[in-house]
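Chemist: One-letter residues, chain by chain:
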Amino acid sequence: MTDADKKRLLREMIFFRRFEDRTFEAYMERKIGGFLHLYSGQEAVATGVLEMAKMGGGDKADYVITGYRDHVHALKAGAPAREVMAELYGKETGSSRGRGGSMHIFDPTANFMGGYALVGQPFPLAAGLALGCKHKKTNQIAICFLGDGANNQGTFHETMNMASVWNLPVLFVCENNMYAIGTHIDRSTAVRDQYKRVCGYNMKASQHDGMDIDVVMKAAKTAVDYVRKESKPYFIEFMTYRFRGHSMSDAKGYRTKEEEAEWEKRDPINIYKARLIEAGLITDADVKKMQDDVQNEIETDIIKFAEQSPEPKVAELTRYVLDDNPDPRWIGPLQNKY
Amino acid sequence: MAQLAYWEAIRRAHDEEMTNDPLVFAMGEDIGVAGGTYKATSGLYTKYGAERVIDTPISENSYTGIGIGASMVGMRPIIEIMSINFALLALDTIVNAAAKIRYMSGGRVHCPLVIRTPGGTAHQLAAQHSARLARMFMSTSGLRVVTPRGPIDAYGMLKSAVRCNDPVVIIEHERMYNIKEEMPDTEFFRPLEGAEIVRKGEDITLIGYNYSVHLCLEAAKRLEKDGVSAEVVDLRSLKPIDRETIRRSVEKTHRVVVAEEDEAPVGVGAEIITGIMEDCFFALDSQPVRIHAADVPVPYNAQLEKAAIPSADDVYQGALKVLGKI
Ligand SMILES: Cc1ncc(C[n+]2csc(CCOP(=O)(O)OP(=O)(O)O)c2C)c(N)n1
Ligand SMILES: [Mg+2]
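Taken in order, these protein sequences are the chains called A and B. If you count the first sequence from 1, position 76 lands on 73 in our numbering, and the numbers rise without skipping. Quick note: to get our numbering, add 229 to the position in the second sequence (first position is 1).
The hints are simulated quantities; they were obtained by calculation from the structure and are not laboratory data. Using N, Cα and C, we set each Cβ at its ideal position, and we do this for glycine too. Worth double-checking, as some hints may not be accurate.
The calculated label-pair distances, taken between Cβ atoms and stated as ranges, are [what the hints assert, rightly or not]:
{"#": "1", "chain 1": "A", "residue 1": "Phe32", "chain 2": "B", "residue 2": "Ala356", "range": "52 to 58 Å"}
{"#": "2", "chain 1": "A", "residue 1": "Arg326", "chain 2": "B", "residue 2": "Ser458", "range": "30 to 36 Å"}
{"#": "3", "chain 1": "B", "residue 1": "Gln532", "chain 2": "A", "residue 2": "Gly151", "range": "37 to 43 Å"}
{"#": "4", "chain 1": "B", "residue 1": "Asp244", "chain 2": "A", "residue 2": "Gly242", "range": "51 to 57 Å"}
{"#": "5", "chain 1": "B", "residue 1": "Glu411", "chain 2": "A", "residue 2": "Gly151", "range": "57 to 63 Å"}
{"#": "6", "chain 1": "A", "residue 1": "Lys310", "chain 2": "B", "residue 2": "Phe417", "range": "37 to 43 Å"}
The calculated DSS-like cross-link candidates involving lysine-lysine, where the alpha carbons are at most 27 Å apart (straight line), are [as the list claims (entries may be wrong)]:
{"#": "7", "chain 1": "A", "residue 1": "Lys229", "chain 2": "B", "residue 2": "Lys276"}
{"#": "8", "chain 1": "A", "residue 1": "Lys134", "chain 2": "B", "residue 2": "Lys276"}
{"#": "9", "chain 1": "A", "residue 1": "Lys249", "chain 2": "A", "residue 2": "Lys310"}
{"#": "10", "chain 1": "A", "residue 1": "Lys334", "chain 2": "B", "residue 2": "Lys481"}
{"#": "11", "chain 1": "A", "residue 1": "Lys334", "chain 2": "B", "residue 2": "Lys554"}
{"#": "12", "chain 1": "B", "residue 1": "Lys409", "chain 2": "A", "residue 2": "Lys215"}
{"#": "13", "chain 1": "A", "residue 1": "Lys301", "chain 2": "A", "residue 2": "Lys28"}
{"#": "14", "chain 1": "B", "residue 1": "Lys276", "chain 2": "A", "residue 2": "Lys133"}
{"#": "15", "chain 1": "A", "residue 1": "Lys334", "chain 2": "B", "residue 2": "Lys276"}
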């Protein structure tokens, strides 16, 4: 990893944080509606893991799929930030043409196969993406990001089993932030260490610090390489923390101020920034400039694009329900001959 | 031409589609080594191998989800769910994922997958193995739901379903797998949409789908002996419904009976009759009748089961009522 790469990674994380903060502001201004789940605090996980995978879309790049906390995963996979923001604004230019919203960002050109609201639903979909890659012998892998809470769904166990039996090239990334909405993991889950839960499925698994992107990248590289080379699943767990509420509505009060303060000391952006400053790669002034640039880009380009984009046409309400242009051979009209 | 049974027709469609396109694969419980509960995939495991005829664990929600995921990257899965009762375990992934992914993604990702599953009562399989559930799938936007009544459609519609870019649920029936029909040896396709007049008539329209088409045909034969000429319409597709064909038939006969094996509330009959009210209310000469199952979980006891499930005689009696003969 070159010095330029390191600076880029820092900038990316600063960008992702600001992107999320800005969506919060837009939500307060009622420009964004629905549920909005922010990723602040967990940036090192998606950024670090996907940095070690093949991104950029096409039949060489890996597939990514996740839950509803999906903006940053989509961005890092390569979905244009303008389109992601426009999707949050419900615009026709959005990643999902304004039909999906915050929880359903899709960008097949970046091999980002969607965010899903049903907890645990992406596990099998990810295994299916991997099955397709394996079948087509493309050397691609599928990467599935989900929370600790998702592991209590039946799909977790069913999919771990099948992914293992069928040797599917899928990397399951568990972002263990220790909460499912307001429920602490110890109150819902028999074991806090999630990687231990897959040992019954004869699958490789490991647990790491999710706040330090260098740790994330090192662990992710081992895992990604293993999945690709062996064509086998791997379950990797990162201990992390979300700095904001579960979504815009959050009961609060389920975490102590002390706990929050402890984790905020381990802000992934600050950890990495301090490391680059200490290594003499970057100064405080450079970071300040980075932040200003990011802010400027988001304001003058990304937000502007979202605000100025057109709404979907009401006349196109039922567009995208089924294939717009089906082949009459398979659909009809019915002729009484065969 | 050769006589093929329904299950053989399905197997033939699998075989041809798997030969035609290496991205087509089948998955389900016991479909590989065992050849499928209804033999619909027999022999394919030997021919195509374990990678393309996949025996799954008993994990309906997740193997269906795996099929959906694979379809999102261009594969063409044909998933057999052993019984429609078990499809309830996969409803999350079918209804919340497969049916919605195209829409949620603004048309950018689609799920060209096929789910085949038998729905219907057989012989005393009791409440948890007798679900029909067609009405539940037909109420889901983003799915296609088809109900082949015989081998020709079972073959031709499966082939179209594999090639179509939408998720298609094919509802078969435990009592239809051995029905036989003459079928051309050459390849053909049957479209997924379009109701079909399977018997022409002038005096009354009997509408069915899946197994109930056969009840309608039997009732039509009895009516003929009474000097009544009944037209029988096979809906073929429950989503979308071909209202045009229904309207034309009703405008000709002015009388209608809808036969479904499901319970009635919120069912196929309700939907079809509402459509008739909206499309050709003034063409009706008498009130429509729907023939349906009793509103109970299907009983085990043979007599009770018989009483709960509509028969050809029920359709016949329904027709007499519409005709004002009883
Ligand atoms: C099937 C299902 N059940 C419940 C919910 C409500 N819900 C949304 S997020 C969530 C918590 C998930 O926690 P976790 O998997 O740890 O992810 P995190 O939000 O911490 O990223 C719940 C219960 C849901 N969306 N889907
Ligand atoms: Mg969590």
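Chemist: Decide, hint by hint, whether the structure agrees.
Modeler: Cross-check of the supplied hints:
no.: 1; hint: Phe32/A - Ala356/B: 52 to 58 Å; verdict: violated, 38 Å
no.: 2; hint: Arg326/A - Ser458/B: 30 to 36 Å; verdict: holds, 34 Å
no.: 3; hint: Gln532/B - Gly151/A: 37 to 43 Å; verdict: holds, 38 Å
no.: 4; hint: Asp244/B - Gly242/A: 51 to 57 Å; verdict: holds, 55 Å
no.: 5; hint: Glu411/B - Gly151/A: 57 to 63 Å; verdict: violated, 45 Å
no.: 6; hint: Lys310/A - Phe417/B: 37 to 43 Å; verdict: holds, 39 Å
no.: 7; hint: Lys229/A - Lys276/B; verdict: holds, 26 Å
no.: 8; hint: Lys134/A - Lys276/B; verdict: holds, 20 Å
no.: 9; hint: Lys249/A - Lys310/A; verdict: violated, 38 Å
no.: 10; hint: Lys334/A - Lys481/B; verdict: holds, 24 Å
no.: 11; hint: Lys334/A - Lys554/B; verdict: violated, 37 Å
no.: 12; hint: Lys409/B - Lys215/A; verdict: violated, 62 Å
no.: 13; hint: Lys301/A - Lys28/A; verdict: holds, 12 Å
no.: 14; hint: Lys276/B - Lys133/A; verdict: holds, 19 Å
no.: 15; hint: Lys334/A - Lys276/B; verdict: violated, 31 Å
Comparing the model with each numbered hint stated earlier shows that hints 1, 5, 9, 11, 12 and 15 do not hold.
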